[in-house]
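Student: The residues making up each chain are set out below.
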Amino acid sequence: MKLALPKGRLLKDSASLLERADVGLEGYDKRSRSYRLKSSRFPGIFFKVFQERDIPIQVAIGNYDLGICGLDWVEELMARYPSGELVKLRDLGYGRSDIYVVTSGHSGVSSLEEINDRFARVRIVSEYQNMAESFARRQRLRRFSILPICGAGEVYPPESADLAIITKASAGSFASYDLVPLSRILSSNASLIANRNSLAKADLSEFLGCLQPFAAETKAGTVLPAAGEVTGVKMHAVKGPGDKVEGRPRDSEVTRLALPDGHLLKSAAEFLQKAGLNIQGYSGAPATRRLTTDLPGVTIKVIRPQDMPLQVANDNFDLAITGEDWLKDHLYRFPSSPVTEILKLGFGKVTLVAVVSQDIPARDIHELRDLVTGGYIPSLRVASEYVNIADKYARDNHLGHFKIIPTWGASEAFLPEDADLLIENTETGETLARHNLAVIDTIFESSACLIGHRDNLSHTSKKGGIERIIDIIRKGC
Amino acid sequence: MKVPRCKGMRDLLPDDMVKFRQIEEVFRHCSIKWGYEEVRTPMLEYLHLFTATGTLTPGMLGRVYSFLDWNGWSGERVVLRPEGTIPTARLYLEDLAGDEISRLSYVGNTFTFEETGTEQRERWQCGVELIGKSQPLADVELMLLASEVLGKLRLGPLQVKLSHAGLIKALIEELGLGAAEQTQILDQVLEGNIKALGEIETQDADLKRALALLMDVTGSSPGFLKNVRMLLGNALPRFEPSLRDLASIAELLGAMDCAYQIDIASGRGFEYYTGVIFHFDISNKRVGGGGRYDDLISLVGGPSIPASGFALYIDQLMDLLKLEERPVPRILIQCQEDSATGLKSCFEVARSLRESGYIVQLDQGQKAVGDYRWLLTVSGKGLFRLTDQATGVKHELASEAEIRQAMESSG
Chain A
1 MKLALPKGRL
11 LKDSASLLER
21 ADVGLEGYDK
31 RSRSYRLKSS
41 RFPGIFFKVF
51 QERDIPIQVA
61 IGNYDLGICG
71 LDWVEELMAR
81 YPSGELVKLR
91 DLGYGRSDIY
101 VVTSGHSGVS
111 SLEEINDRFA
121 RVRIVSEYQN
131 MAESFARRQR
141 LRRFSILPIC
151 GAGEVYPPES
161 ADLAIITKAS
171 AGSFASYDLV
181 PLSRILSSNA
191 SLIANRNSLA
201 KADLSEFLGC
211 LQPFAAETKA
221 GTVLPAAGEV
231 TGVKMHAVKG
241 PGDKVEGRPR
251 DSEVTRLALP
261 DGHLLKSAAE
271 FLQKAGLNIQ
281 GYSGAPATRR
291 LTTDLPGVTI
301 KVIRPQDMPL
311 QVANDNFDLA
321 ITGEDWLKDH
331 LYRFPSSPVT
341 EILKLGFGKV
351 TLVAVVSQDI
361 PARDIHELRD
371 LVTGGYIPSL
381 RVASEYVNIA
391 DKYARDNHLG
401 HFKIIPTWGA
411 SEAFLPEDAD
421 LLIENTETGE
431 TLARHNLAVI
441 DTIFESSACL
451 IGHRDNLSHT
461 SKKGGIERII
471 DIIRKGC
Chain B
478 MKVPRCKGMR
488 DLLPDDMVKF
498 RQIEEVFRHC
508 SIKWGYEEVR
518 TPMLEYLHLF
528 TATGTLTPGM
538 LGRVYSFLDW
548 NGWSGERVVL
558 RPEGTIPTAR
568 LYLEDLAGDE
578 ISRLSYVGNT
588 FTFEETGTEQ
598 RERWQCGVEL
608 IGKSQPLADV
618 ELMLLASEVL
628 GKLRLGPLQV
638 KLSHAGLIKA
648 LIEELGLGAA
658 EQTQILDQVL
668 EGNIKALGEI
678 ETQDADLKRA
688 LALLMDVTGS
698 SPGFLKNVRM
708 LLGNALPRFE
718 PSLRDLASIA
728 ELLGAMDCAY
738 QIDIASGRGF
748 EYYTGVIFHF
758 DISNKRVGGG
768 GRYDDLISLV
778 GGPSIPASGF
788 ALYIDQLMDL
798 LKLEERPVPR
808 ILIQCQEDSA
818 TGLKSCFEVA
828 RSLRESGYIV
838 QLDQGQKAVG
848 DYRWLLTVSG
858 KGLFRLTDQA
868 TGVKHELASE
878 AEIRQAMESS
888 G
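Line order of the protein sequences matches chains A and B. The first sequence begins at 1 in the working numbering and counts up by one. The second sequence begins at 478 in the working numbering and counts up by one.
Just so you know, these hints were derived from the structure itself, not from any lab. Check the hints yourself; a few may be wrong.
DSSO-like mimics (lysine-lysine), calculated; alpha carbons at most 30 Å apart, straight line [as the list claims (entries may be wrong)]:
#: 1; chain 1: A; residue 1: Lys-266; chain 2: A; residue 2: Lys-463
#: 2; chain 1: A; residue 1: Lys-403; chain 2: B; residue 2: Lys-484
#: 3; chain 1: A; residue 1: Lys-266; chain 2: A; residue 2: Lys-12
#: 4; chain 1: B; residue 1: Lys-685; chain 2: B; residue 2: Lys-646
#: 5; chain 1: A; residue 1: Lys-88; chain 2: B; residue 2: Lys-484
#: 6; chain 1: A; residue 1: Lys-2; chain 2: A; residue 2: Lys-12
#: 7; chain 1: A; residue 1: Lys-38; chain 2: A; residue 2: Lys-2
#: 8; chain 1: B; residue 1: Lys-510; chain 2: B; residue 2: Lys-638
#: 9; chain 1: A; residue 1: Lys-392; chain 2: B; residue 2: Lys-479
#: 10; chain 1: A; residue 1: Lys-201; chain 2: B; residue 2: Lys-484
#: 11; chain 1: B; residue 1: Lys-484; chain 2: A; residue 2: Lys-2
#: 12; chain 1: B; residue 1: Lys-484; chain 2: A; residue 2: Lys-392
#: 13; chain 1: A; residue 1: Lys-168; chain 2: A; residue 2: Lys-201
#: 14; chain 1: B; residue 1: Lys-479; chain 2: A; residue 2: Lys-403
Keep in mind the model is a prediction, meaning the values are calculated, not measured.
From just these sequences and the hints, can you work out the full model?
Tutor: What follows is the structure, encoded as structure tokens:
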């Protein structure tokens with residue numbers, strides 16, 4: 001039997017639950033660097049730690065019999081694959097997280113029914129893109145775009161999105177970002193989930209029994225399908241576009257800059273200070289994602305670096321600091337995208353590498369290909385956060401029958417049980433070596449870069465403001 | 478390692494293609510004679526063509542094949558077309574909107590996801606759209622054209638079932654539900670669950686009686702609609718336009734000797750239907766359907782133009798169609814002289830016979846020759862030996878004219 005356990009926000013309460021249930025799990029805590037755990041009470045169970053978001057798919061495809069993760073990620077998978085192999089067993093009563101559809105207080109929309117009348121095309125950002133699409137269908141939005149993001153959804157409306165589908169926890173409070181919740185579409189707790197086939201054929205009863213007395217049921221649960229909340233849906237067209245808005249009117253004099261959070265934040269803050277761009281509040285975990293600077297005519301938002309190329313392509317920002325890795329991943333997916341690299345900034349250096357378990361007898365990519373073509377690995381499982389780079393790499397190297405497994409961090413945990421090849425970034429290679437992994441190919445070197453929208457760089461009214469920022473940033477190089 | 482075809486997709490094998498082409502030819506022949514011009518829309522369309530206005534139910538939209546195109550960074554998706562009418566309406570609006578009446582026909586595939594993979598996800602259909610007219614005569618024309626196509630295919634007795642979207646929508650509105658519930662019930666009905674309508678409690682006795690009659694009884698004359706009208710009592714005015722429309726169509730069909738059933742419960746269809754909905758059944762198999770969609774053109778951004786259309790389901794028709802014997806006898810040419818000159822003679826006689834209408838193949842060394850009516854051995858000296866495999870008779874011949882004559886005299 002195999003069980004997938006969450007990292008991150010659910011780790012502490014999940015560890016506490018398993019301790020109370022006397023599972024005898026060793027090393028399931030924040031300090032542990034091991035992804036594979038053992039239980040003194042259940043020596044036959046293989047426990048593995050994943051990013052929470054990866055768990056539903058791992059259970060659904062049958063790599064794991066049971067899993068613990070937030071109901072939000074279960075619903076996200078089931079919104080796309082409603083009759084898949086995933087079974088929700090029970091609410092575990094902790095890790096509450098409510099998901100809301102929100103809009104800006106300035107959007108002029110105060111209820112779901114007004115969305116179709118207000119926007120010619122509804123731009124929705126969310127980490128939950130399947131739930132967002134399901135919401136748009138149920139709400140019968142006439143025309144919509146869903147921009148997947150990796151987080152920070154609260155900072156997008158109104159300039160960069162009309163609606164955001166986000167957790168309340170992520171926003172801190174909606175009011176601080178001037179957001180209005182239109183509907184709660186899910187109340188999510190940590191959930192115990194199972195693979196349908198495992199439940200039907202394997203005896204999981206001893207482990208399920210030990211959790212039974214400690215997993216308190218709560219009232220949290222699915223609110224979707226949101227039919228009850230999706231009221232007054234219009235079944236016919238509203239005649240003519242009327243006064244609908246297509247995005248938000250923008251001040252063409254303003255230059256919109258996106259700065260990264262996460263591991264690039266500290267180096268980016270130091271770099272910008274060195275360049276002479278004084279930005280208030282851009283250090284450590286930002287208290288707010290809307291920042292100010294002494295420089296007039298500049299607006300600044302802090303978002304995830306992975307999301308920046310797509311945002312710049314959609315003209316939501318003029319300039320952004322991201323990694324070349326994320327720019328390449330974007331351009332491999334959208335070759336004619338208007339995003340272009342303006343400056344290499346030199347910090348945040350990582351190397352993108354192809355990695356296998358040291359147990360695989362391949363010293364380079366050619367030997368791995370021989371294993372695939374020779375039938376030793378009949379179908380190559382390629383795990384990566386960089387799905388488009390991984391896909392191109394597998395195609396370019398003629399890796400035969402392969403499938404890409406998208407991951408959301410801690411990707412090294414996938415090898416060797418749940419993937420054969422990993423496309424991953426590394427700074428020193430230490431983490432890879434510690435997990436018994438071997439680099440078989442270097443794909444490219446990546447560092448932070450300044451990106452922009454090709455059209456805006458030559459746009460008469462925007463050009464001056466953009467070049468002024470580029471000149472300042474260039475000084476830091 | 479064998480790579481199988483994608484789940485839910487279908488390979489059409491040679492025998493399937495014979496049936497497919499037969500259906501297509503009959504359909505094209507009839508629709509051209511009725512004045513319908515053939516068009517073809519692309520397989521890929523923008524998703525918002527289908528979400529534009531509630532043109533498809535959320536349930537149907539949840540099963541479309543949608544994805545981001547290579548330039549889809551805006552997050553707007555494209556789809557493999559899930560049905561044929563909406564793309565044709567888009568085509569009309571884009572290129573033909575000036576015409577007073579457009580009669581358009583098409584043959585194409587559609588894609589709808591089905592979870593188990595045991596049913597087809599790719600389906601073929603041939604359809605027509607009559608855009609610009611709203612009279613019952615237009616609907617009757619469509620039903621007669623479909624009947625003619627199905628009749629020429631000789632598949633068995635045809636049942637034409639009539640329902641009415643306007644009547645179903647009026648019933649749902651009359652049941653006193655909230656807007657969200659109305660939408661939900663309509664979606665269920667259009668996806669084939671007519672029982673959802675009958676399960677709603679209503680205090681209105683007239684409505685209850687009429688609803689029970691409409692759900693349970695299948696009418697076969699305008700008299701049935703008169704009975705319903707009587708039972709509706711005070712609720713009648715809301716239903717009057719739909720009932721009148723349906724009665725006109727029923728009367729016209731009767732006058733044309735086209736048998737029909739009024740079966741409101743057969744109302745499965747698309748959300749964009751506004752008037753009559755009709756289905757064609759043969760041997761209890763649904764082989765086609767259509768309806769009136771007077772709002773669709775405006776829903777996809779055009780002016781208010783009435784229209785109606787139907788589609789015949791080629792996959793179902795192929796299941797019912799018996800494979801015809803190969804109509805054209807086939808000839809196998811065997812070359813006796815393995816030289817360029819000898820081969821040239823073979824190719825020349827083959828071309829000449831093909832031009833006379835025969836199917837001619839050159840022997841590539843195959844062992845099984847039983848499929849061929851004729852074997853023609855070509856020597857290098859301009860001599861031919863023709864063997865009729867049906868009778869075993871052999872002919873020694875000296876020219877292509879003699880070959881043709883021998884084959885014609887043998888039938």
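Student: Confirm or reject each hint.
Tutor: Evaluation of the provided hints:
no.	hint	verdict
1	A:Lys-266 - A:Lys-463	29 Å, holds
2	A:Lys-403 - B:Lys-484	17 Å, holds
3	A:Lys-266 - A:Lys-12	27 Å, holds
4	B:Lys-685 - B:Lys-646	16 Å, holds
5	A:Lys-88 - B:Lys-484	26 Å, holds
6	A:Lys-2 - A:Lys-12	20 Å, holds
7	A:Lys-38 - A:Lys-2	11 Å, holds
8	B:Lys-510 - B:Lys-638	25 Å, holds
9	A:Lys-392 - B:Lys-479	24 Å, holds
10	A:Lys-201 - B:Lys-484	25 Å, holds
11	B:Lys-484 - A:Lys-2	29 Å, holds
12	B:Lys-484 - A:Lys-392	25 Å, holds
13	A:Lys-168 - A:Lys-201	39 Å, violated
14	B:Lys-479 - A:Lys-403	17 Å, holds
Violated hint: 13 only; the structure is consistent with all others.
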